[in-house]
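Residue numbers (the numbering used here), protein chains in the order written: chain Y, 1 to 368; chain A, 369 to 455.
Think of the hints as simulated: they come from the structure by calculation, not from any bench.
Among these hints, one or two may not hold up.
[Unchecked claim] Straight line, CA to CA, 30 Å or less: simulated DSSO-like cross-link-like pairs of lysine-lysine:
no. : chain 1 : residue 1 : chain 2 : residue 2
1   : Y       : Lys-168   : A       : Lys-451
2   : Y       : Lys-303   : Y       : Lys-59
3   : Y       : Lys-17    : Y       : Lys-320
4   : Y       : Lys-168   : A       : Lys-412
5   : Y       : Lys-363   : Y       : Lys-199
6   : A       : Lys-372   : Y       : Lys-168
7   : A       : Lys-451   : Y       : Lys-59
[As the list claims (entries may be wrong)] Label pairs and their calculated CB-CB ranges:
no. : chain 1 : residue 1 : chain 2 : residue 2 : range
8   : A       : Asp-421   : Y       : Gly-14    : 29 to 39 Å
9   : Y       : Lys-19    : A       : Ala-436   : 23 to 33 Å
10  : Y       : Gly-121   : A       : Asp-449   : 25 to 35 Å
11  : A       : Glu-429   : Y       : Gly-14    : 20 to 30 Å
12  : A       : Val-394   : Y       : Gly-145   : 30 to 40 Å
13  : A       : Ala-439   : Y       : Val-198   : 44 to 54 Å
14  : Y       : Ile-178   : A       : Asp-443   : 48 to 58 Å
15  : A       : Gly-416   : Y       : Ser-314   : 48 to 58 Å
16  : Y       : Glu-18    : A       : Asp-443   : 30 to 40 Å
17  : Y       : Arg-54    : A       : Glu-429   : 48 to 58 Å
By construction, the Cβ of each residue, glycine as well, lies at the ideal position given by its N, Cα and C atoms.
The lines below spell out each chain.
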Amino acid sequence: MGTSWVQLSETLTGRAKEKRIPLMGQFELTSRCNLQCKMCYVNNSASDIQAISRERSAKEWIQLAEDAGRAGMLYLLLTGGEVFLRQDFREIYGEISLMGFNTHIYTNGTLITPEIASWLGQRPPSQIEISLYGMSPDTYGKVSGFTWGYERALRGIDLLRSQGINLKLRMTLVQGNIHDSERFAEFAQERGLEFGYVKYISPRREGCNTYPEAERLSPELLAEFEMNLDKHFGFEEPKQFEHFALGKALDASPFDEWNVESCDPFYCTAGKCSFWSTWDGKLTPCSLLDSPAAFPFENGFLKAWSALQALCSSIPVCGKCSECPLLQECWTCPARLKNETGFFDKPAPYLCELAQRIHGNLKAAQKL
Amino acid sequence: MKIKEGFMLREIADSWVVVPVGKRVVEFNGLISLSESGALLWQKLENGAAEEDLLKSMLHEYEIEEDAALADIRDFIRTLDEKGLFE
Ligand code: SF4
Ligand code: SF4
Numbered sequence: 001m002g003t004s005w006v007q008l009s010e011t012l013t014g015r016a017k018e019k020r021i022p023l024m025g026q027f028e029l030t031s032r033c034n035l036q037c038k039m040c041y042v043n044n045s046a047s048d049i050q051a052i053s054r055e056r057s058a059k060e061w062i063q064l065a066e067d068a069g070r071a072g073m074l075y076l077l078l079t080g081g082e083v084f085l086r087q088d089f090r091e092i093y094g095e096i097s098l099m100g101f102n103t104h105i106y107t108n109g110t111l112i113t114p115e116i117a118s119w120l121g122q123r124p125p126s127q128i129e130i131s132l133y134g135m136s137p138d139t140y141g142k143v144s145g146f147t148w149g150y151e152r153a154l155r156g157i158d159l160l161r162s163q164g165i166n167l168k169l170r171m172t173l174v175q176g177n178i179h180d181s182e183r184f185a186e187f188a189q190e191r192g193l194e195f196g197y198v199k200y201i202s203p204r205r206e207g208c209n210t211y212p213e214a215e216r217l218s219p220e221l222l223a224e225f226e227m228n229l230d231k232h233f234g235f236e237e238p239k240q241f242e243h244f245a246l247g248k249a250l251d252a253s254p255f256d257e258w259n260v261e262s263c264d265p266f267y268c269t270a271g272k273c274s275f276w277s278t279w280d281g282k283l284t285p286c287s288l289l290d291s292p293a294a295f296p297f298e299n300g301f302l303k304a305w306s307a308l309q310a311l312c313s314s315i316p317v318c319g320k321c322s323e324c325p326l327l328q329e330c331w332t333c334p335a336r337l338k339n340e341t342g343f344f345d346k347p348a349p350y351l352c353e354l355a356q357r358i359h360g361n362l363k364a365a366q367k368l
Numbered sequence: 369m370k371i372k373e374g375f376m377l378r379e380i381a382d383s384w385v386v387v388p389v390g391k392r393v394v395e396f397n398g399l400i401s402l403s404e405s406g407a408l409l410w411q412k413l414e415n416g417a418a419e420e421d422l423l424k425s426m427l428h429e430y431e432i433e434e435d436a437a438l439a440d441i442r443d444f445i446r447t448l449d450e451k452g453l454f455e
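From just these sequences and the hints, can you work out the full model?
Have a look at this one:
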């Protein structure tokens with residue numbers, strides 16, 4: 001019993017990756033959200049009838065959790081859209097919370113009522129991560145479309161805190177809220193909460209009314225931000241939140257483990273020991289991708305999981321990236337390349353410029 | 369001795385892991401990793417077992433000296449006790 005949690009997660013992840021055990025599952029319960037952030041990669045409106053009709057039922061999600069659990073899923077993320085928009089969230093989570101997973105929930109926190117908070121307090125997930133889009137009604141409104149969201153999110157945070165639920169705050173960095181980064185860090189510290197930020201914004205994954213490219217930071221600004229985290233957050237460096245799949249092993253450069261010769265484009269856990277299940281029922285390697293996809297609700301989880309392995313193995317490695325002198329500083333990965341360029345193996349101008357800027361900044365600071 | 373309700377022992381990727389479920393996460397938010405013999409003892413303790421039952425199972429399952437087995441069992445029980453895992 002001497003192993004620490006981190007050590008245990010690392011051991012399990014390493015072994016699961018090797019043996020292709022689906023250790024980490026991510027269930028995107030809905031694509032709908034009560035906010036309308038323009039940088040979101042999947043966002044339908046809260047009352048979108050068509051989207052509602054294509055969502056999978058509570059029963060189906062519960063069954064999926066059961067099947068994935070039997071196949072070895074230990075870590076489970078419930079996310080959206082906004083999960084608390086689902087009328088049957090309690091039915092889903094109530095069952096899942098008894099199945100023996102280490103469960104996380106992502107939410108914007110604005111739909112948390114005293115009743116929901118106390119219900120969650122009686123069966124808390126391991127952690128709830130709340131996204132904050134600004135530190136004033138004005139900024140929050142500019143980024144998410146609704147100024148009232150600010151007070152509601154703060155209320156949600158305090159309600160969940162009062163239940164003793166383990167919370168983490170995250171900020172998605174965009175042009176409209178970058179000036180609030182220090183205030184955000186102060187707020188997290190005042191509340192005694194861990195915090196992190198999402199630094200890479202992907203072009204949208206599927207057709208919806210967002211245009212992330214117009215909202216995200218320019219490569220120049222982002223590279224500068226990365227260089228000066230202490231200045232922008234005022235004090236300690238926050239954790240970076242790439243996403244759940246990578247979050248468990250982000251300390252080292254991801255490329256340390258990447259074997260280019262193996263013809264495997266994924267250096268992360270995607271499709272090896274982690275999977276994403278989209279709101280309409282596709283099994284994909286990660287949140288950014290809606291293809292390659294397998295179909296667990298039609299064919300069963302195990303079949304879909306092995307189909308996904310086969311599909312992932314046919315994804316090409318980007319030859320230019322694998323030989324690129326900037327690889328160590330670059331944020332390239334198959335999903336990002338695909339969303340940026342439409343191809344898995346085509347360098348993305350945004351990422352190339354970012355890598356050049358990061359490299360230049362590090363060189364100027366003589367860290368290289 | 370009996371382990372509290374609300375813990376699930378799972379075998380994942382050749383490891384034994386105990387996960388708190390439902391309400392239990394309030395007081396224990398984390399995972400416990402067990403060795404194979406730890407998992408054996410845990411399974412016995414889930415249903416309630418005395419030291420001699422545990423010893424019997426250990427001796428039955430493993431080629432181990434009685435003294436060493438007993439020391440391991442006491443160690444294991446102490447750790448569980450310190451973590452407040454017994455009823
Ligand atoms: S995206 Fe551009 S900078 Fe990054 S590794 Fe590929 S070619 Fe190099
Ligand atoms: S493919 Fe890219 S975006 Fe997807 S999990 Fe891996 S690193 Fe992350």
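Okay, the hints, checked on the actual structure:
1. Y/Lys-168 to A/Lys-451: Measuring from Cα to Cα gives roughly 25 Å; hence the hint holds.
2. Y/Lys-303 to Y/Lys-59: Holds, at roughly 19 Å.
3. Y/Lys-17 to Y/Lys-320: Distance of about 26 Å is within 30 Å: holds.
4. Y/Lys-168 to A/Lys-412: violated (37 Å)
5. Y/Lys-363 to Y/Lys-199: holds (21 Å)
6. A/Lys-372 to Y/Lys-168: holds (29 Å)
7. A/Lys-451 to Y/Lys-59: The hint is violated at about 36 Å.
8. A/Asp-421 to Y/Gly-14: 29 to 39 Å: holds (35 Å)
9. Y/Lys-19 to A/Ala-436: 23 to 33 Å: Since Y/Lys-19 and A/Ala-436 have Cβ atoms about 32 Å apart, the given range 23 to 33 Å holds.
10. Y/Gly-121 to A/Asp-449: 25 to 35 Å: holds (27 Å)
11. A/Glu-429 to Y/Gly-14: 20 to 30 Å: For Y/Gly-14 against A/Glu-429, whose Cβ atoms are near 28 Å apart, the range 20 to 30 Å holds.
12. A/Val-394 to Y/Gly-145: 30 to 40 Å: holds (35 Å)
13. A/Ala-439 to Y/Val-198: 44 to 54 Å: Once the Cβ atoms are compared, 50 Å apart, the range 44 to 54 Å for Y/Val-198 and A/Ala-439 holds.
14. Y/Ile-178 to A/Asp-443: 48 to 58 Å: holds (53 Å)
15. A/Gly-416 to Y/Ser-314: 48 to 58 Å: holds (53 Å)
16. Y/Glu-18 to A/Asp-443: 30 to 40 Å: holds (31 Å)
17. Y/Arg-54 to A/Glu-429: 48 to 58 Å: Given a distance of about 51 Å, which is inside 48 to 58 Å, the answer is holds.
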